[in-house]
Amino acid sequence: MTKNRCAAGRLLTVLVALASFAVLRPAAQSVPLPSQPDSLKFAVIGDSGTGDQAQYDVGQQMANARARFPFEMVIMLGDNMYGRQQPQDFVDKFERPYATLLGAGVVFFASLGNHDNQNNRFYKNFNMGGERYYTYAKKNVRFFVLDSNQMDPKQRGWLDDALKQSQEDWKICYFHHPLYSDAGRHGSDVALRVSLEPLLTKYGVNVVLSGHDHVYERTRPQKGITYFVAGSSGELRKGDLKPSGATAAYFDQDQAFMLVEIGGDGLFFEAVARSGTVVDSGVIRRQGKT
Amino acid sequence: MTRHHAAAAHPIVRHHERRGAARRALAHVVDRFLLLPIGAAIGLVWANTAAESYFRFAQPVAFFVNEIGMALFFALITQEIVEATMPGGALHSWRRWSVALFAAGGGVAGSAACYLGFVGYKYETILLATWPIACAIDIAAVYYTLKTIMPRSGALPFVLLLGIATNVFGIFVVMPRHPVLATHAGGATLLIAALGLAALLRALKVRAFWPYLMICGTLSWIAFYREGLHPAFALVPIVPFLPHEPRRLDVFADPPDDDATHHVEHEWNEAVQIILLLFGLVNGGVILRGYDTGTWAILLAALVGRPLGILAAVGAAVSAGLHLPRHIGWRELVVVAVASSTGFTFALFFATGLVSTGPVLAQLTIGALSTAAGSALAFGAARLLRVGRFTG
Numbered sequence: 001m002t003k004n005r006c007a008a009g010r011l012l013t014v015l016v017a018l019a020s021f022a023v024l025r026p027a028a029q030s031v032p033l034p035s036q037p038d039s040l041k042f043a044v045i046g047d048s049g050t051g052d053q054a055q056y057d058v059g060q061q062m063a064n065a066r067a068r069f070p071f072e073m074v075i076m077l078g079d080n081m082y083g084r085q086q087p088q089d090f091v092d093k094f095e096r097p098y099a100t101l102l103g104a105g106v107v108f109f110a111s112l113g114n115h116d117n118q119n120n121r122f123y124k125n126f127n128m129g130g131e132r133y134y135t136y137a138k139k140n141v142r143f144f145v146l147d148s149n150q151m152d153p154k155q156r157g158w159l160d161d162a163l164k165q166s167q168e169d170w171k172i173c174y175f176h177h178p179l180y181s182d183a184g185r186h187g188s189d190v191a192l193r194v195s196l197e198p199l200l201t202k203y204g205v206n207v208v209l210s211g212h213d214h215v216y217e218r219t220r221p222q223k224g225i226t227y228f229v230a231g232s233s234g235e236l237r238k239g240d241l242k243p244s245g246a247t248a249a250y251f252d253q254d255q256a257f258m259l260v261e262i263g264g265d266g267l268f269f270e271a272v273a274r275s276g277t278v279v280d281s282g283v284i285r286r287q288g289k290t
Numbered sequence: 001m002t003r004h005h006a007a008a009a010h011p012i013v014r015h016h017e018r019r020g021a022a023r024r025a026l027a028h029v030v031d032r033f034l035l036l037p038i039g040a041a042i043g044l045v046w047a048n049t050a051a052e053s054y055f056r057f058a059q060p061v062a063f064f065v066n067e068i069g070m071a072l073f074f075a076l077i078t079q080e081i082v083e084a085t086m087p088g089g090a091l092h093s094w095r096r097w098s099v100a101l102f103a104a105g106g107g108v109a110g111s112a113a114c115y116l117g118f119v120g121y122k123y124e125t126i127l128l129a130t131w132p133i134a135c136a137i138d139i140a141a142v143y144y145t146l147k148t149i150m151p152r153s154g155a156l157p158f159v160l161l162l163g164i165a166t167n168v169f170g171i172f173v174v175m176p177r178h179p180v181l182a183t184h185a186g187g188a189t190l191l192i193a194a195l196g197l198a199a200l201l202r203a204l205k206v207r208a209f210w211p212y213l214m215i216c217g218t219l220s221w222i223a224f225y226r227e228g229l230h231p232a233f234a235l236v237p238i239v240p241f242l243p244h245e246p247r248r249l250d251v252f253a254d255p256p257d258d259d260a261t262h263h264v265e266h267e268w269n270e271a272v273q274i275i276l277l278l279f280g281l282v283n284g285g286v287i288l289r290g291y292d293t294g295t296w297a298i299l300l301a302a303l304v305g306r307p308l309g310i311l312a313a314v315g316a317a318v319s320a321g322l323h324l325p326r327h328i329g330w331r332e333l334v335v336v337a338v339a340s341s342t343g344f345t346f347a348l349f350f351a352t353g354l355v356s357t358g359p360v361l362a363q364l365t366i367g368a369l370s371t372a373a374g375s376a377l378a379f380g381a382a383r384l385l386r387v388g389r390f391t392g
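Protein sequences, first through last, are from chains S and A.
In terms of my numbering, the first sequence has 188 at position 188, counting the first letter as 1, and numbering is strictly consecutive.
In terms of my numbering, the second sequence has 300 at position 300, counting the first letter as 1, and numbering is strictly consecutive.
Next comes chain S alone, as it looks inside the complex (with noise of 0.2 angstroms):
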């Protein structure tokens, strides 16, 4: 009895493995985080705002993560708060979720989706200082932050001057709506995609985050930048994902949340379901230092 037991346990190891395997494919090599004392750390989460269970094991999976890579800064890339947004729910959806967080003075700085109150910017724990669109430094790396449910001339006039004044290393933005994904309820948005890429290049963005598509996936360079999709932080859309020949790596089959490290030329990720299983990870140089 006791060695049929232990049969079916090897058995049900090696198809968890066999399955993991596959839900990762195509794998990225693993590359751990370094954190280094005097690097930028934070993490990424998307899509987020649910109050369901998934959102709180994230939330402490994050605290967990937090013991070994003590990230100071956590970026949201919208759909913080989904449903009714009273004084309860962001209690209920955003502070008790990451009370752990919040009380070890981990800083939030949020984007809006499509389902949050463009009111949220005023809400102090998204820190968006009352704005849509807002771009801050951290170390050597500046922040792009912009409001993707339309890109009007204003905001669009605003990001050309914030990057043609950068003066970082590096420049990572992040909004809601992805330019490139492969997931199939929404996918790519090409009309965002045709307005915003031309200024991403030109100025020599690194990487761009976003969620909407409630799954996890990194594509190949794009004209030089990496594009992340981590939408799947609260919500997921479970085998959503059909890669093309863009897609580098993909998790589309719990939740998840990012973890990133950048010292020197180097961006560390780790993507990180909420089970704790890195299901991606890697290193990007930045561009003309590979």
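The hints are simulated quantities; they were obtained by calculation from the structure and are not laboratory data.
Treat the hints with care, since some could be wrong.
Stated by the list, open to error - Lysine-lysine pairs mimicking DSBU-like chemistry, simulated, CA-CA at most 30 angstroms apart:
(1) A:Lys122 - S:Lys242
(2) S:Lys124 - S:Lys138
(3) S:Lys164 - S:Lys223
(4) S:Lys164 - S:Lys139
(5) S:Lys139 - S:Lys223
(6) S:Lys154 - A:Lys122
(7) S:Lys124 - A:Lys122
(8) S:Lys138 - S:Lys223
(9) S:Lys202 - S:Lys138
(10) S:Lys154 - S:Lys139
(11) A:Lys122 - S:Lys238
(12) S:Lys138 - S:Lys164
Keeping the supplied structure of chain S fixed, place chain A upon it in accordance with the hints.
Chain A in isolation, oriented as in the chain S frame:
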């Protein structure tokens, strides 16, 4: 073989016949404002087969079409309305307006309430400000739908008034909310100068419309643009200064051959048709999986909210002592209300006037295009209720 058959078989005769038929088909398309849906259909196919090349074409052209070219379209519409509402014009009598105004108010209230209710229920507050799109009525589409169902009916002028009143209201809401790069002072001065010059040209009895368009229109366009108002409406305040003659017929009908009146719109009608084709082409292309809450909200508001609002308002007006237009009963009114759910051209224009490039515009565009279903529903309702050509 008869002589007639021999002549008909001659290649030159066949060639001329084909050219004649092609010309008639083109005239039919142009007269019924069908170039816009044709442009939109081309854009839709293009965007869903080669998205990147479509948007690379459409985005740079959109400004010239939507904000410059469409000024001519709205000038033409204004010209038609001004002439039709002059003494002797088809829409001069204010008695005709009363029930139509009630219907327009009910339609706006019904569609806006439905739209805002659905969007609020889905908590998609970003869509709240776009409610005017749900109220728009494609006057030409509704007119020709009803003309096909019930030709020579009193429903035609009624629906024109309903559409005009609704869209004028929409224009006043959309005009100041146009997303622009920056606003500048001095627009009001320029507009006063444009109006002053137009008044001067009129006093000098200048009958050619080009000076009004090129001098006054350009000044007015710059004024609108600087003030952050939608410049497509820049010719609207200039048009009343143009020389006019009252129109005896319905707004979309051509004057008879013996009508000596010179309507300036004939001179720019062809240009407007090309602009409408381009307008459909650069704005109608949307990737179909971009549908979302806004799409359903527009459809629900247009196909359900507006007809119900119109019927409720007309019911209230009749209860208050007003009369239905001549030869229109409640069955005909139901068909009119259903037909008026087509927003198409104006809904598309309001969408581009209120929202910039991005996924919100995409979902609203799909909704605006889908309201074309209103025409098919009107035929279905007419058949069901045995109205017009389906009588007996």
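Structure-based check of all given hints:
no.	hint	result
1	A:Lys122 - S:Lys242	holds, 28 angstroms
2	S:Lys124 - S:Lys138	holds, 19 angstroms
3	S:Lys164 - S:Lys223	holds, 19 angstroms
4	S:Lys164 - S:Lys139	holds, 18 angstroms
5	S:Lys139 - S:Lys223	holds, 26 angstroms
6	S:Lys154 - A:Lys122	holds, 28 angstroms
7	S:Lys124 - A:Lys122	holds, 25 angstroms
8	S:Lys138 - S:Lys223	holds, 25 angstroms
9	S:Lys202 - S:Lys138	holds, 22 angstroms
10	S:Lys154 - S:Lys139	holds, 28 angstroms
11	A:Lys122 - S:Lys238	holds, 23 angstroms
12	S:Lys138 - S:Lys164	holds, 18 angstroms
In terms of the numbered hints stated before, the structure departs from none.
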